[in-house]
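Engineer: What follows is each chain in one-letter form.
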Amino acid sequence: MLRETLRSIFNKLPAKSVHAHCDGPCGVYDPASARVAAEAVLSMTKKLIALAPAGNDQASISAYNNTFSRFVAIKEEESQKTKKELLILWTDYFKPEHLATYPDLHDTFWKAAKLCSACKVNIDQTKAEELLGAVQKIHSMFWSSKGRNDSWVTAS
Amino acid sequence: MIAGLPQADKNLFHKPDLFTLFALIIGYRQHLRVVGTSMEGTLKEGDLITYKKLNPENIDLEIGDIVVASHPKTKNKLIIKRIHRIYQNKFDLRGDNSLSSTDSRELGLIELDKIIGKVDKIFSK
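Chains as they are written, first to last, in this note's numbering: chain A, 1 to 156; chain B, 1001 to 1125.
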C-alpha cells in the first residue's frame, strides 16, 4: 500500500525534463517527400518529351518556348528537392548501425543522388524512372529499419 | 536483477522510498523526468532520475556512467546519455538506443563543463 502510494507520488512529482531523444522534430522522417518530388521529375520529363509547338507561327513558337522553359525549371527544382530530401534521410536518419542490415545503403543513396543530377542535366525518361526506383528502394529500407512494411503508393 | 544491463546499472534502480521523497521535496537531491527513447534499454520515457552534481574538485566520471549534460547547441536543454569514451576531458556521449539517438556521433565530443551531473538513482515509471 505504502509502496504503491509512493510510486504514484513519484510518477506525478513535478520535474524538469531531461531529453533522451533526437534533436528537432524527433523521428519525423519520411521518404514520402522524396517520392513526391521524384514523381514530379518523371512527370515533367514525360511532358517535356511529349511537348511540341502547336504550329510554325511566332505565337506558337513563343508559347512552346514559354511552356518548355517552365517545364525545365520545374524539373530542375524537383530534382534538387529530391536530392535534398534524400540527403536528409541519408545523413540525419540513417546511422552507422544501419549498415549492418543494409550494407549497400551508402551506394544506394550515392547512386540516387547522382540520378537526381542526371535528371537535372538531361531530359531522360529512363533516368527519371531509375530515380523513382531508387527512391522506392530507399522507402523499403527506411520502413523496414523501423520494423514496418509500409506499402509503396505513388500519387500519379 | 535486471537482465542485460551492465553491473553498474543494476545498482541505480531503486524503488520509491520516503527518504528519497523527502530529499527531493526539500531540494537536497536534484531530479529530472526522462523524455524520449534514446536511452531505451535502460531508461524509459517518464522515468524519474536523480543525479549528483559534478564536483569540480573531484571529477569521478567513468566510461559507462549515465550523465546529465547541457545540450551543446540548444540553450536550456538537458540531455541524458551514457559515457562511451573519454578523450582528455572531452566526452563521447551516446544513447543506449543507438538507432534513435542524437549524440556525440552528430553533436561531437562534449566538453567537461557541459556535464552537469552523474545519475545515481533511477525510479522506473
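Be aware that one or more of the hints could be misleading.
With a straight-line cut-off of 25 Å between C-alpha atoms, the simulated DSS-like cross-links for lysine-lysine are [to be verified]:
id	chain 1	residue 1	chain 2	residue 2
1	A	Lys-12	B	Lys-1073
2	B	Lys-1090	A	Lys-12
3	A	Lys-95	B	Lys-1052
4	B	Lys-1077	A	Lys-12
5	B	Lys-1073	B	Lys-1114
6	A	Lys-84	B	Lys-1118
7	B	Lys-1044	A	Lys-95
8	B	Lys-1121	A	Lys-12
9	A	Lys-95	B	Lys-1121
10	B	Lys-1114	A	Lys-16
11	B	Lys-1044	B	Lys-1125
12	A	Lys-111	A	Lys-84
13	A	Lys-12	B	Lys-1010
14	B	Lys-1010	B	Lys-1118
15	B	Lys-1010	B	Lys-1052
16	B	Lys-1090	B	Lys-1125
17	A	Lys-84	B	Lys-1090
18	A	Lys-46	A	Lys-16
19	B	Lys-1052	A	Lys-12
20	B	Lys-1075	A	Lys-16
21	B	Lys-1125	A	Lys-95
22	A	Lys-12	B	Lys-1114
23	A	Lys-16	B	Lys-1053
24	B	Lys-1090	B	Lys-1114
25	A	Lys-46	A	Lys-137
26	A	Lys-16	B	Lys-1121
27	B	Lys-1073	A	Lys-95
28	B	Lys-1077	A	Lys-111
29	B	Lys-1073	B	Lys-1090
30	A	Lys-16	B	Lys-1125
31	B	Lys-1077	B	Lys-1053
32	B	Lys-1118	A	Lys-12
33	B	Lys-1125	A	Lys-12
34	B	Lys-1044	A	Lys-146
35	A	Lys-95	B	Lys-1015
36	B	Lys-1073	A	Lys-16
37	A	Lys-81	B	Lys-1052
38	A	Lys-81	A	Lys-146
Rather than coming from a laboratory, the hints here were simulated on the basis of the structure. Being a predicted model, the structure only gives us computed values, none of them experimental.
Engineer: Could you run down the list of hints and mark each one as holding or not?
Structural biologist: Comparing the hints with the structure gives:
1. Lys-12/A x Lys-1073/B: 30 Å, violated
2. Lys-1090/B x Lys-12/A: Violated. Lys-1090/B to Lys-12/A sits at ~35 Å, over the 25 Å cutoff.
3. Lys-95/A x Lys-1052/B: 32 Å, violated
4. Lys-1077/B x Lys-12/A: 21 Å, holds
5. Lys-1073/B x Lys-1114/B: 11 Å, holds
6. Lys-84/A x Lys-1118/B: 39 Å, violated
7. Lys-1044/B x Lys-95/A: Holds: Lys-1044/B and Lys-95/A sit about 21 Å apart, inside 25 Å.
8. Lys-1121/B x Lys-12/A: 17 Å, holds
9. Lys-95/A x Lys-1121/B: Violated, at about 30 Å.
10. Lys-1114/B x Lys-16/A: The hint holds at about 17 Å.
11. Lys-1044/B x Lys-1125/B: The given pair, whose Cα atoms are some 8 Å apart, holds under the 25 Å limit.
12. Lys-111/A x Lys-84/A: Distance ~14 Å between Lys-111/A and Lys-84/A Cα, so the pair holds.
13. Lys-12/A x Lys-1010/B: The hint holds at about 24 Å.
14. Lys-1010/B x Lys-1118/B: 15 Å, holds
15. Lys-1010/B x Lys-1052/B: 17 Å, holds
16. Lys-1090/B x Lys-1125/B: This hinted pair is violated, its Cα atoms lying about 32 Å apart.
17. Lys-84/A x Lys-1090/B: 33 Å, violated
18. Lys-46/A x Lys-16/A: Distance of about 55 Å is beyond 25 Å: violated.
19. Lys-1052/B x Lys-12/A: Holds. Lys-1052/B to Lys-12/A sits at ~22 Å (cutoff 25 Å).
20. Lys-1075/B x Lys-16/A: OK: Lys-1075/B and Lys-16/A at ~14 Å, within 25 Å.
21. Lys-1125/B x Lys-95/A: 29 Å, violated
22. Lys-12/A x Lys-1114/B: Violated - the C-alpha atoms of Lys-1114/B and Lys-12/A are around 28 Å apart, more than 25 Å.
23. Lys-16/A x Lys-1053/B: 15 Å, holds
24. Lys-1090/B x Lys-1114/B: 10 Å, holds
25. Lys-46/A x Lys-137/A: With Cα atoms ~22 Å apart, Lys-46/A and Lys-137/A stay inside 25 Å; holds.
26. Lys-16/A x Lys-1121/B: Holds, at roughly 16 Å.
27. Lys-1073/B x Lys-95/A: 20 Å, holds
28. Lys-1077/B x Lys-111/A: The given pair, whose Cα atoms are some 38 Å apart, is violated under the 25 Å limit.
29. Lys-1073/B x Lys-1090/B: 16 Å, holds
30. Lys-16/A x Lys-1125/B: Holds - the C-alpha atoms of Lys-1125/B and Lys-16/A are around 15 Å apart, at most 25 Å.
31. Lys-1077/B x Lys-1053/B: 16 Å, holds
32. Lys-1118/B x Lys-12/A: 23 Å, holds
33. Lys-1125/B x Lys-12/A: Judged against 25 Å, a Cα distance of about 10 Å means the pair holds.
34. Lys-1044/B x Lys-146/A: 18 Å, holds
35. Lys-95/A x Lys-1015/B: With Cα atoms ~35 Å apart, Lys-95/A and Lys-1015/B exceed 25 Å; violated.
36. Lys-1073/B x Lys-16/A: 19 Å, holds
37. Lys-81/A x Lys-1052/B: Not satisfied, since the Cα-Cα distance of roughly 47 Å exceeds 25 Å.
38. Lys-81/A x Lys-146/A: Given pair Lys-81/A, Lys-146/A holds - Cα atoms ~24 Å apart, limit 25 Å.
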